[in-house]
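*Asks:* Single-letter residue listing:
Protein chains: 2
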Amino acid sequence: MCDTERIVDMKFDRKPIPVTDAVTKVMEYARFGGTEEVSINECENRILAEDITASHPIPPFHKSPYDGFALKAEDTKEAGSDNPVTFHVIEQVGAGHRASRPIESGEAVRIMTGAEIPEGADCVAMFEICQTQEENGKSYMTIKRQMEEGQNVIEKGSETSHGDVLVEKGTNINPGVKALLATFGYPTVKVGRRPVVGLFATGTELLDVDEKLQPGKIRNSNAYMIAAQIERAGGIVKYYGKLEDDFDTCYQAVTNAFAEVDMLITTGGVSVGDFDLMPEIYEKLEAQVLFNKIAMRPGSVTTVAEKDGKLLFGLSGNPSACYVGFELYTFPVIQRYSGVAKPYHRKIAAILGKDFPKPNPFTRFVRGYIHYEEGKVLVSPAGMDKSAVVTTLANTDALIMLPGGTRGFAAGNAVQAILLEDSTGQATFE
Amino acid sequence: MCDTERIVDMKFDRKPIPVTDAVTKVMEYARFGGTEEVSINECENRILAEDITASHPIPPFHKSPYDGFALKAEDTKEAGSDNPVTFHVIEQVGAGHRASRPIESGEAVRIMTGAEIPEGADCVAMFEICQTQEENGKSYMTIKRQMEEGQNVIEKGSETSHGDVLVEKGTNINPGVKALLATFGYPTVKVGRRPVVGLFATGTELLDVDEKLQPGKIRNSNAYMIAAQIERAGGIVKYYGKLEDDFDTCYQAVTNAFAEVDMLITTGGVSVGDFDLMPEIYEKLEAQVLFNKIAMRPGSVTTVAEKDGKLLFGLSGNPSACYVGFELYTFPVIQRYSGVAKPYHRKIAAILGKDFPKPNPFTRFVRGYIHYEEGKVLVSPAGMDKSAVVTTLANTDALIMLPGGTRGFAAGNAVQAILLEDSTGQATFE
Chain G
1 MCDTERIVDM KFDRKPIPVT DAVTKVMEYA RFGGTEEVSI NECENRILAE DITASHPIPP
61 FHKSPYDGFA LKAEDTKEAG SDNPVTFHVI EQVGAGHRAS RPIESGEAVR IMTGAEIPEG
121 ADCVAMFEIC QTQEENGKSY MTIKRQMEEG QNVIEKGSET SHGDVLVEKG TNINPGVKAL
181 LATFGYPTVK VGRRPVVGLF ATGTELLDVD EKLQPGKIRN SNAYMIAAQI ERAGGIVKYY
241 GKLEDDFDTC YQAVTNAFAE VDMLITTGGV SVGDFDLMPE IYEKLEAQVL FNKIAMRPGS
301 VTTVAEKDGK LLFGLSGNPS ACYVGFELYT FPVIQRYSGV AKPYHRKIAA ILGKDFPKPN
361 PFTRFVRGYI HYEEGKVLVS PAGMDKSAVV TTLANTDALI MLPGGTRGFA AGNAVQAILL
421 EDSTGQATFE
Chain X
1 MCDTERIVDM KFDRKPIPVT DAVTKVMEYA RFGGTEEVSI NECENRILAE DITASHPIPP
61 FHKSPYDGFA LKAEDTKEAG SDNPVTFHVI EQVGAGHRAS RPIESGEAVR IMTGAEIPEG
121 ADCVAMFEIC QTQEENGKSY MTIKRQMEEG QNVIEKGSET SHGDVLVEKG TNINPGVKAL
181 LATFGYPTVK VGRRPVVGLF ATGTELLDVD EKLQPGKIRN SNAYMIAAQI ERAGGIVKYY
241 GKLEDDFDTC YQAVTNAFAE VDMLITTGGV SVGDFDLMPE IYEKLEAQVL FNKIAMRPGS
301 VTTVAEKDGK LLFGLSGNPS ACYVGFELYT FPVIQRYSGV AKPYHRKIAA ILGKDFPKPN
361 PFTRFVRGYI HYEEGKVLVS PAGMDKSAVV TTLANTDALI MLPGGTRGFA AGNAVQAILL
421 EDSTGQATFE
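For the protein sequence lines, the chains are G and X, in the order given.
Those letters in the first sequence? Residues 1 to 430, per full-length UniProt numbering, in order.
Those letters in the second sequence? Residues 1 to 430, per full-length UniProt numbering, in order.
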């Protein structure tokens, strides 16, 4: 038996581990990347690294929700359609301004939406139910309805009390969170750092995107796809190009890149083929291989190694396997680094929308898309699911997780779906 | 009756129109913003402005999905556990390389995953089922199983034929679409231009985010929130700051800004209050007001005007109304400008997760969040739904659309939910 064969056989010894075990092993080395301060103008989709606490009550004062007249409700207790009650309008107050003095019985203040209720007033009569008139340079207002104390008044602190934690750290900053940051005076906000994720493609067969197709070759699509997945997960892509076939050049390139990044992804080169250099690179790097075979399809050869607390993800060169491997193992590590409190993709119980008759001895992750019907959530395969089919990925927003077994699955079966474009997440993989 | 009153009364004349009519009116003026060419490295979440067509079949040649030996299946027809068949291994072919000559009967080629099947071969035996040996400097391979023609061969064009439209224009570029662009050799791609959306806040009560809280005042949160919503929708924010109260200054600022942007948003100033300048600004601009009152809550005062084919969105100053008004009326206009084929938020039939007992004469949009239970999709109110409550928005990823009527709604009721963080969209509002 020649040397190459011995290596191949050695590689055949790989022991597949269950998906959940693989995720657990990887996440043991996932770490928080620390914080940085960013301007509120650049905080979208960053992860809060501090709780947002109400630095004042909301509203900070008794506030009018409408344009109208602030008055004492008691003054209207005799009002009726036959008995108009007239008030002296002593001043008007716009939002952002305050009344100059408390009102007395029989007085009203013309008040705008969002303005502070003058002292002494306890309700607001909307313009629509009031008649106004001027007499001798004085303004009057007449009302024919009874008002209740507190009517059309938003009480100070009724929405939020001072000191309430409104959003917890670890939360994605969406437009609503950003509004809160502005409300409570955060011109800058502490967020989790985004990891720099290094990326190499491997494969002699790979042409660059601007090269003409050549016999036996295909264009490199994985690197572009993974770059987009890294961005979607919140990482910063550092693309190092294609690894050469030569071991020493390859080893050196990986070593240099690994020093510059927070984690490193390679696509391809992890199988048992003669040209799959990654296993030997891990060995020479003295990286600890956490696993090199997973009981799943596609992506069984996905390999993750660790060195000095940093992770190296050896994703398959097969586009679908690469895609799935990233979302299962790399995504939560990026999320954890960024400080996301719930770093795993949200996994839901959905209804299978189409038959998937092919049984599989291993857990299968079928690329799918979520759709809805009358209160039900369904997930259907996005297209052909041969593991090499790149075209299916365009429609994918979920992975259908089908347990291994001897039977296929039928439309209507309960299945688990992993949501890929949902920012909710969950705290555990299961 | 004084002048101000007359204006107010005139404004009271506003006729509420149904939400659907309002959307239709706005979308009559929504237009596609044209295309631009971007690098594949910067195409994430842009909108395809050209179909992606397969410029070659996929795979472009008969391909091996595994490492193994390519051979003629016919040569194995006598093979069995008692009858090993031996092949002369004439060469090895890695992915990206080609065999130097067609194989003959009795010959095999060692082949790597992704490599082209040599001419003359019609199946691939995986390494795992083959024994190899060297004799007199020649390589041999022995197999004890029968192979079938086509076994472990991915046929040329089996995934995609030359000329197939794989992704239609108007689609959001996700990681899978990006992979396709790379596969078919798009170093640049034609995408829809992103609109520049101008933004003004109005309101004397508004403090900047870095100002200390003052009596009667609140910090400006709408501008920051809307900026994040514009970004989420795919627009480019151009923030002009706070409008002054003075009409002439205000009018000039709006006129100048309007000339620089593709559409303009103002928040606040559209009500019937004395300080609500927007209606008069529209008038002086000679803009056509499409509507200034909508039969909905919150956001009934949402005003949209048009001038020279450009839209001015007068959103409410109330945070929730502002948020909802943007998502219903501005979002689809931004999407249409960017070239999205399905410019409206996806609307689904969901199950109400919690009671919402308060009846409302008008259609109500309650901020909510989507959750799932055993194949069901539920939507629950995100918190208190007083129209001024900003805190609720942080948890919002959907709007619950409750029709107007005399009764409230109970958990378990079928309701419509508008998904705010879903890139699927739909072609019509209904």
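Errors might be hidden in some of the hints.
Straight-line distance between alpha carbons at most 27 Å, and here's what the computed DSS-like set of lysine-lysine pairs gives [unchecked claim]: (1) Lys347/G x Lys238/X; (2) Lys342/X x Lys376/G; (3) Lys138/G x Lys77/G.
Pair by pair, the computed Cβ-Cβ distance ranges are [stated by the list, open to error]: (4) Lys77/X x Ala427/G: 55 to 63 Å; (5) Asp208/G x Asp210/X: 21 to 29 Å; (6) Gly120/G x Glu286/X: 20 to 28 Å; (7) Gln416/G x Phe247/X: 57 to 65 Å; (8) Thr428/G x Val289/X: 34 to 42 Å; (9) Thr249/G x Lys138/X: 39 to 47 Å.
Hint data in this document are derived by calculation from the structure and do not stem from the laboratory.
Note that the structure is predicted; figures quoted are calculated from it, not measured.
Here a beta-carbon is modelled for each residue, glycine too, at the ideal position from N, C-alpha and C.
*Asks:* Hint by hint, say whether it matches the structure.
*Replies:* Cross-check of the supplied hints:
1. Lys347/G x Lys238/X: 38 Å, violated
2. Lys342/X x Lys376/G: 22 Å, holds
3. Lys138/G x Lys77/G: Measuring from Cα to Cα gives roughly 24 Å; hence the hint holds.
4. Lys77/X x Ala427/G: 55 to 63 Å: 57 Å, holds
5. Asp208/G x Asp210/X: 21 to 29 Å: 47 Å, violated
6. Gly120/G x Glu286/X: 20 to 28 Å: Check failed, 45 Å falls outside 20 to 28 Å.
7. Gln416/G x Phe247/X: 57 to 65 Å: This hint holds: roughly 60 Å between Cβ atoms.
8. Thr428/G x Val289/X: 34 to 42 Å: At 53 Å between Cβs, range violated.
9. Thr249/G x Lys138/X: 39 to 47 Å: Since the Cβ atoms of Thr249/G and Lys138/X sit about 31 Å apart, the hinted range of 39 to 47 Å is violated.
In summary, the numbered hints that this structure violates are 1, 5, 6, 8 and 9.
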